[in-house]
Amino acid sequence: MAKAKGAIVVDTVKCKGCGVCTTVCPTKVIELATEVNGKGYHYAYMANPDACIGCSNCGIICPDTCITVYRAKAGATA
Amino acid sequence: MSDINTIIKPENIVYKRTDVLSDNDLSYCPGCGHGTVHKLIAEVIEEMGIQDTTIGIAPVGCSVLAYNYLEIDWQQAAHGRAPALATAVKRLMPEKNVFSYQGDGDLAAIGTAETIHACNRGENIVMIFINNGIYGMTGGQMAPTTLPGMAASTCPHGRDVSHDGEPIKISEILAQLPGTCYVTRQSVHTAGNVRKTKKALRKAFENQAANKGTSLVEVVSNCNSGWKMTPIKSNEWMEENMFPYYPLGDIKNEE
Ligand SMILES: Cc1ncc(C[n+]2csc(CCOP(=O)(O)OP(=O)(O)O)c2C)c(N)n1
Ligand code: SF4
Ligand code: SF4
Ligand code: SF4
Ligand SMILES: [Mg+2]
Chain Y
38 MAKAKGAIVV DTVKCKGCGV CTTVCPTKVI ELATEVNGKG YHYAYMANPD ACIGCSNCGI
98 ICPDTCITVY RAKAGATA
Chain R
659 MSDINTIIKP ENIVYKRTDV LSDNDLSYCP GCGHGTVHKL IAEVIEEMGI QDTTIGIAPV
719 GCSVLAYNYL EIDWQQAAHG RAPALATAVK RLMPEKNVFS YQGDGDLAAI GTAETIHACN
779 RGENIVMIFI NNGIYGMTGG QMAPTTLPGM AASTCPHGRD VSHDGEPIKI SEILAQLPGT
839 CYVTRQSVHT AGNVRKTKKA LRKAFENQAA NKGTSLVEVV SNCNSGWKMT PIKSNEWMEE
899 NMFPYYPLGD IKNEE
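Residue numbers (the numbering used here), protein chains in the order written: chain Y, 38 to 115; chain R, 659 to 913.
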């Protein structure tokens, strides 16, 4: 069976840069940006996008619920 | 990279923000567990289809503004009085789904009497209890739940149990009362724990729908500002120090 492949979109305006999402990612996709958002927070981004498996761990734990998680249907993408 | 754009399509969404959450930015500090618990309550309400019939009772504490964050009906109680207000709301409108949302200072200090008596009467409500072992909102004072030796602004050298007593395990006390049907202690610091807490919240609301009595869901949570740690460090500290004293799991579960 093909490995599911995922992606996330972070609402970088809402993100508070807490870093909690980085601790629950099994494939170490997420890091905090060196740039800051309008609130002055180092927002989360996909530093390692190819590794995302779309497990949703980051989305469900984010206290500010600013991550949307996508997962390609099995076999839909290479 | 081009792969990513083929994945980011509406039909591939597996997790998104529920519409039961408002668009307002949470007033909580970065990484505070209050936000994660709010979101789980919102998701349970959405999944059970009870958005129009749920009434929350907001406390005094950092979550005093909870009514800004979930698109349901709310009342806001005086400090510690949420279980009394929840009692009134549920008795007047038994067809509604009623829950209180309270911190440890609210539920286990100033509101101890309301908490114990609502549970003893077996009020058919859900009580959601965020135990971060401190008065977060007012600047990190010692709470009845503060751990032995744990520093707070009113005990900078750490809680001295010979002076202040042992921290109160209020959930264990409430579990002994015949009116409670479900008492559980959970956390939201890992993805697995978040999923378990959501199941516990769902069970609590289902108990209310089945007229079973009082369900209490304690969430041992962080207060990174009050504890003076980064959010990630506070979650590690919580695991090492809070969980041995406040062990996770069901304390009472009457089928
Ligand atoms: C009658 C009354 N007494 C005291 C206060 C001050 N006060 C506001 S919040 C709070 C403690 C809140 O702590 P907790 O319930 O643990 O909530 P947290 O902020 O930690 O989530 C206190 C003592 C108040 N607002 N009203
Ligand atoms: S958990 Fe949420 S708020 Fe915290 S860094 Fe990640 S995306 Fe930002
Ligand atoms: S969905 Fe899973 S794999 Fe992808 S970034 Fe989030 S936690 Fe990591
Ligand atoms: S003071 Fe503590 S409980 Fe209050 S929002 Fe900040 S981290 Fe959360
Ligand atoms: Mg508290």
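Read the hints as simulated data drawn from the structure, not as lab findings.
Do not take every clue at face value.
As a list, the in silico DSS-like pairs of lysine-lysine whose alpha-carbon atoms are at most 27 Å apart [as the list claims (entries may be wrong)]:
id, chain 1, residue 1, chain 2, residue 2
1, R, Lys667, Y, Lys110
2, Y, Lys110, Y, Lys65
3, Y, Lys51, R, Lys754
4, R, Lys754, Y, Lys65
5, Y, Lys110, R, Lys674
6, R, Lys891, R, Lys754
7, Y, Lys65, R, Lys674
8, R, Lys854, Y, Lys65
9, Y, Lys76, R, Lys886
Simulated restraints, written as ranges between beta carbons of each label pair [said to hold, decoys possible]:
id, chain 1, residue 1, chain 2, residue 2, range
10, Y, Ala111, R, Gln733, 45 to 51 Å
11, Y, Lys110, R, Ala868, 45 to 51 Å
12, Y, Lys110, R, Glu824, 31 to 37 Å
13, Y, Ala111, R, His737, 50 to 56 Å
14, Y, Asp48, R, Glu913, 36 to 42 Å
15, Y, Asp48, R, Glu704, 15 to 21 Å
Here are some chain R residues pointing at chain Y (derived, C-beta under 7 Å) [what the hints assert, rightly or not]:
id, residue
16, Ile662
17, Asn670
18, Leu684
19, Cys690
20, Thr694
21, Met706
22, Ile708
23, Leu750
24, Ala809
25, Cys813
26, Pro814
27, Val852
28, Lys886
29, Met887
A virtual CB, placed ideally from N, CA and C, is assigned to each residue, including glycine.
Going through the hints against the structure:
no.: 1; hint: R:Lys667 to Y:Lys110; verdict: 11 Å, holds
no.: 2; hint: Y:Lys110 to Y:Lys65; verdict: 22 Å, holds
no.: 3; hint: Y:Lys51 to R:Lys754; verdict: 32 Å, violated
no.: 4; hint: R:Lys754 to Y:Lys65; verdict: 43 Å, violated
no.: 5; hint: Y:Lys110 to R:Lys674; verdict: 17 Å, holds
no.: 6; hint: R:Lys891 to R:Lys754; verdict: 40 Å, violated
no.: 7; hint: Y:Lys65 to R:Lys674; verdict: 20 Å, holds
no.: 8; hint: R:Lys854 to Y:Lys65; verdict: 23 Å, holds
no.: 9; hint: Y:Lys76 to R:Lys886; verdict: 21 Å, holds
no.: 10; hint: Y:Ala111 to R:Gln733: 45 to 51 Å; verdict: 47 Å, holds
no.: 11; hint: Y:Lys110 to R:Ala868: 45 to 51 Å; verdict: 37 Å, violated
no.: 12; hint: Y:Lys110 to R:Glu824: 31 to 37 Å; verdict: 54 Å, violated
no.: 13; hint: Y:Ala111 to R:His737: 50 to 56 Å; verdict: 52 Å, holds
no.: 14; hint: Y:Asp48 to R:Glu913: 36 to 42 Å; verdict: 41 Å, holds
no.: 15; hint: Y:Asp48 to R:Glu704: 15 to 21 Å; verdict: 19 Å, holds
no.: 16; hint: Ile662; verdict: 5 Å, holds
no.: 17; hint: Asn670; verdict: 4 Å, holds
no.: 18; hint: Leu684; verdict: 6 Å, holds
no.: 19; hint: Cys690; verdict: 6 Å, holds
no.: 20; hint: Thr694; verdict: 5 Å, holds
no.: 21; hint: Met706; verdict: 17 Å, violated
no.: 22; hint: Ile708; verdict: 19 Å, violated
no.: 23; hint: Leu750; verdict: 32 Å, violated
no.: 24; hint: Ala809; verdict: 22 Å, violated
no.: 25; hint: Cys813; verdict: 27 Å, violated
no.: 26; hint: Pro814; verdict: 26 Å, violated
no.: 27; hint: Val852; verdict: 5 Å, holds
no.: 28; hint: Lys886; verdict: 15 Å, violated
no.: 29; hint: Met887; verdict: 12 Å, violated
When held up to the earlier numbered hints, the structure conflicts with 3, 4, 6, 11, 12, 21, 22, 23, 24, 25, 26, 28 and 29 and fits the remainder.
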